[in-house]
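**Q** Below are the chains, spelled out letter by letter.
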Amino acid sequence: MGIASLDLYSQAIVLFAALALFTSFIMLAQARMMPLIFTFAWQGLLLAVVTVLVALVSNHPHLYISAALTFALKVVVIPWLLYRLSVRLGMQYDAEAIAHPTLLLLGGVALVIFSYHVAQSIVHLSGLATRNTIAVSIAIELLGMLLMCARKSAVAQVIGFMSMESGIFFAAVVSTYGMPLIVELGVAFDILVASILFGVFFFHLRDSFGSLDVGQFNRLSEANQSMPLREAAGEPSAGDPA
Amino acid sequence: MTLLEVTLLVPLLGGVLLAIVGHRPVAGWINVAVGVVTFGAALAMALEVFADGPQLSPSRMFYIDAFNVYLVVLTAFVGLTTSIFSRPYMRHEVERGRVTDRRLRLYHSMYQCFLFSMLLALSTNNLGVLWVAMELATLTTVLLVSLYRTPEAIEAAWKYFILCGVGIAQALFGTVLIYFAAESKLGAGRDDTLLWTVLHDMAGGSLDPAVITLAFVFLLVGYGTKVGLVPLHNWLPDAHSEGPTPMSAVLSGLLLNVALYALVRVKMLVDASLHTNLAGQLMMGFGLLSFTVAGLFLHRQHDVKRMFSYSSIEHMGLITFGFGVGGPLATFGALLHMTVHSLTKSAIFVTVGHACQLAGTQRIDQIRGLIRTQPAIGWGLLLGTVAIAGFPPFGVFISEFLLLMATMKSWPWLTIPLLAGFGVAFAGLFRHMQRMVFGEPPPGQKPVEANMLPVVVHLALVLWLGLAIPGFLSRWFEQATILISGASPL
Chain A
5 MGIASLDLYS QAIVLFAALA LFTSFIMLAQ ARMMPLIFTF AWQGLLLAVV
55 TVLVALVSNH PHLYISAALT FALKVVVIPW LLYRLSVRLG MQYDAEAIAH
105 PTLLLLGGVA LVIFSYHVAQ SIVHLSGLAT RNTIAVSIAI ELLGMLLMCA
155 RKSAVAQVIG FMSMESGIFF AAVVSTYGMP LIVELGVAFD ILVASILFGV
205 FFFHLRDSFG SLDVGQFNRL SEANQSMPLR EAAGEPSAGD PA
Chain B
194 MTLLEVTLLV PLLGGVLLAI VGHRPVAGWI NVAVGVVTFG AALAMALEVF
244 ADGPQLSPSR MFYIDAFNVY LVVLTAFVGL TTSIFSRPYM RHEVERGRVT
294 DRRLRLYHSM YQCFLFSMLL ALSTNNLGVL WVAMELATLT TVLLVSLYRT
344 PEAIEAAWKY FILCGVGIAQ ALFGTVLIYF AAESKLGAGR DDTLLWTVLH
394 DMAGGSLDPA VITLAFVFLL VGYGTKVGLV PLHNWLPDAH SEGPTPMSAV
444 LSGLLLNVAL YALVRVKMLV DASLHTNLAG QLMMGFGLLS FTVAGLFLHR
494 QHDVKRMFSY SSIEHMGLIT FGFGVGGPLA TFGALLHMTV HSLTKSAIFV
544 TVGHACQLAG TQRIDQIRGL IRTQPAIGWG LLLGTVAIAG FPPFGVFISE
594 FLLLMATMKS WPWLTIPLLA GFGVAFAGLF RHMQRMVFGE PPPGQKPVEA
644 NMLPVVVHLA LVLWLGLAIP GFLSRWFEQA TILISGASPL
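From first to last, the protein sequence lines are chains A and B. Going left to right, the first sequence walks through residues 5 to 246 as this note's numbering numbers them. Going left to right, the second sequence walks through residues 194 to 683 as this note's numbering numbers them.
Each hint should be verified, as a subset may be incorrect.
Here are the in silico distance ranges between beta carbons for each label pair [what the hints assert, rightly or not]:
#1 594(B) <-> 72(A): 51 to 61 Å
#2 293(B) <-> 19(A): 49 to 59 Å
#3 468(B) <-> 91(A): 51 to 61 Å
#4 489(B) <-> 101(A): 50 to 60 Å
#5 343(B) <-> 200(A): 20 to 30 Å
#6 237(B) <-> 200(A): 33 to 43 Å
#7 103(A) <-> 663(B): 27 to 37 Å
#8 594(B) <-> 80(A): 49 to 59 Å
#9 63(A) <-> 218(B): 54 to 64 Å
#10 111(A) <-> 289(B): 39 to 49 Å
#11 383(B) <-> 204(A): 35 to 45 Å
Per the computed footprint, the stretches of chain A lying under chain B, defined by three or more beta-carbons under 8 Å from a beta-carbon of chain B, are [said to hold, decoys possible]:
#12 80–90
#13 143–153
#14 156–167
#15 172–179
#16 186–193
Worth flagging that the hints you see were computed from the coordinates, not collected in a lab. Model, not experiment: these values are computed from the prediction. The C-beta atom is built at its ideal place from N, Cα and C for all residues, glycine as well.
With the hints as constraints, model all of the structure from the sequences given.
**A** And the structure:
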């Protein structure tokens, strides 16, 4: 279906959804902390705008609440929290070395194609004006997951996590005009608590490890533990009957 | 006020109360008292459900049937016995200086909030609220895993938070897809589309198979992460081994069950609308993989709590496999195994907690001669391990035997990996156990104050279930089995 055959509202919805997807790619390759946080806020804003547009088109007033929740959490509270924490931890100018940026972006492209493939089997069910955007919402979710897997900084992982959550919220908006209100409120509450806990953790991480780089986590890895028997053979411990 | 409301509100209010007074010496007793009331209400509710059949609350937000009511009772019971154990244990930790007043308050408050979130997840009728409660269970426990603030504990808590967060986000997406499938049939604008009772009534053939299949894959990955299925299990041994031991007991004994409960609830919907065994086969595959891999990992552990966490993964894998096989016999066995595993594993963690305080370490090669220093702990650990390894007089043997029988009937070739897995796991547990229980105690090792009551009660129950399953309990399991698999095993 050609984009020109849609009415103006639908065109606007598709446009803003595409921009939101674009911000996911920016975040994937953005090594510096502050731009990363601001890009995340932009994505939240774009998704809130799409939600408002969907509410206008479909005449579902409860989507305004959903848009307000997205705006409050993803544009105001979480970016502000992350910003304040970065400043307090003195890492606002930090940049993280991304291992293979080109490969990462190509992986992102593959995920978008994959999401279109997945969405193909389900969009036919939906007679809604917004079904083009289902694939975009799946892609935003998967790109958030890729961000979490690829990056070693705790801040980037949190942003990936929240971006995944945004993608799922967005999927609910565009595929079903939002979840029941009680569920949306519950999810928003969980996300709020999670973001506060993440903040608490930043301080614990810095106190214990000196930085927010979770790539240095190796104390509990199975690969770093020697076999008990070999160790016992190496140093016979006192009081061991064997 | 209904009994269900009491069961849910008491832990929640207890959590609020303990947030204020949780550091006082009396807090341990308040914790126990809240557990007693919750357990009493849950038991009374179970008797009501047993007599009158399933209950749907007037607002249709809560639904209690034979399947979830027994898990509610089990959760309240293990929550109670673990709180009895936790009182002297946490006092000892405070004396050792590992826990400050503020953290003790956090611990007590979050303990009850955690129980509340699990009870909410079990009793809710709304798949969305189920997800919210599961996520809440992660959020309430993540600060408890890092309670000791060691680098290891922080690392474990971060892994737990991130991995479970990502995993459970997939489950939310699966829930959205189920909502999508249901809404395209029921029409938009209804607020009861996510209710399990509504979905289950309409599931018979009218939900779109493509969407439901996709939804189940996402839900399996999501809730499977919390069950600890391999390859999504990485967080589990860390979180269970680094937190305070009462947390390990409730995480291992209860949280994994609740996550599996969510998965089985969804499987019931998927089976009804797909008319194929796809969901079951996926669960069998993941279950068998977890069972085998965790059994092998048992052999290379240094940390006693880590070792028993792998044993939990192994048993959850077996239960998932059992639900996947489906059929009345396997479902009956899986339900029974859920119960006996919870009881035995929490008893083991209680004993291990005392053993670690006795030896002053969690390292297996430094725990020696328990039975000579303090026979109660030594015997507790020995009998607990015997029970969990599936020796005959205990209930775990019965449920494993039932699962094996069911497998032999429907998938004969799979009995070979199952039997091999039992052997490997048995060897993995006993190669470590023998030296910890017997062996020469290090000089200067002194007995500690220990409350072995929970262990005795749990192991006695497991023994009872192994010798003779009481009539009312077997009828109960039978009702749940009919609900899940559609036929009676007897």
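**Q** State for each hint whether it applies.
**A** Results for each hint:
1. 594(B) <-> 72(A): 51 to 61 Å: holds (56 Å)
2. 293(B) <-> 19(A): 49 to 59 Å: With a Cβ separation near 54 Å, residue 293(B) and residue 19(A) satisfy 49 to 59 Å, so the hint holds.
3. 468(B) <-> 91(A): 51 to 61 Å: holds (57 Å)
4. 489(B) <-> 101(A): 50 to 60 Å: With Cβ atoms ~36 Å apart, the hint is violated.
5. 343(B) <-> 200(A): 20 to 30 Å: holds (22 Å)
6. 237(B) <-> 200(A): 33 to 43 Å: holds (37 Å)
7. 103(A) <-> 663(B): 27 to 37 Å: Taking Cβ atoms as reference, residue 103(A) and residue 663(B) lie about 59 Å apart, which means the hint is violated.
8. 594(B) <-> 80(A): 49 to 59 Å: holds (58 Å)
9. 63(A) <-> 218(B): 54 to 64 Å: holds (60 Å)
10. 111(A) <-> 289(B): 39 to 49 Å: holds (48 Å)
11. 383(B) <-> 204(A): 35 to 45 Å: Cβ of residue 383(B) to Cβ of residue 204(A): about 39 Å, so the range 35 to 45 Å holds.
12. 80–90: violated (count 0)
13. 143–153: With 3 residues in contact (Cβ-Cβ under 8 Å with chain B), the coverage given for the region 143–153 of chain A holds.
14. 156–167: holds (count 3)
15. 172–179: holds (count 4)
16. 186–193: holds (count 5)
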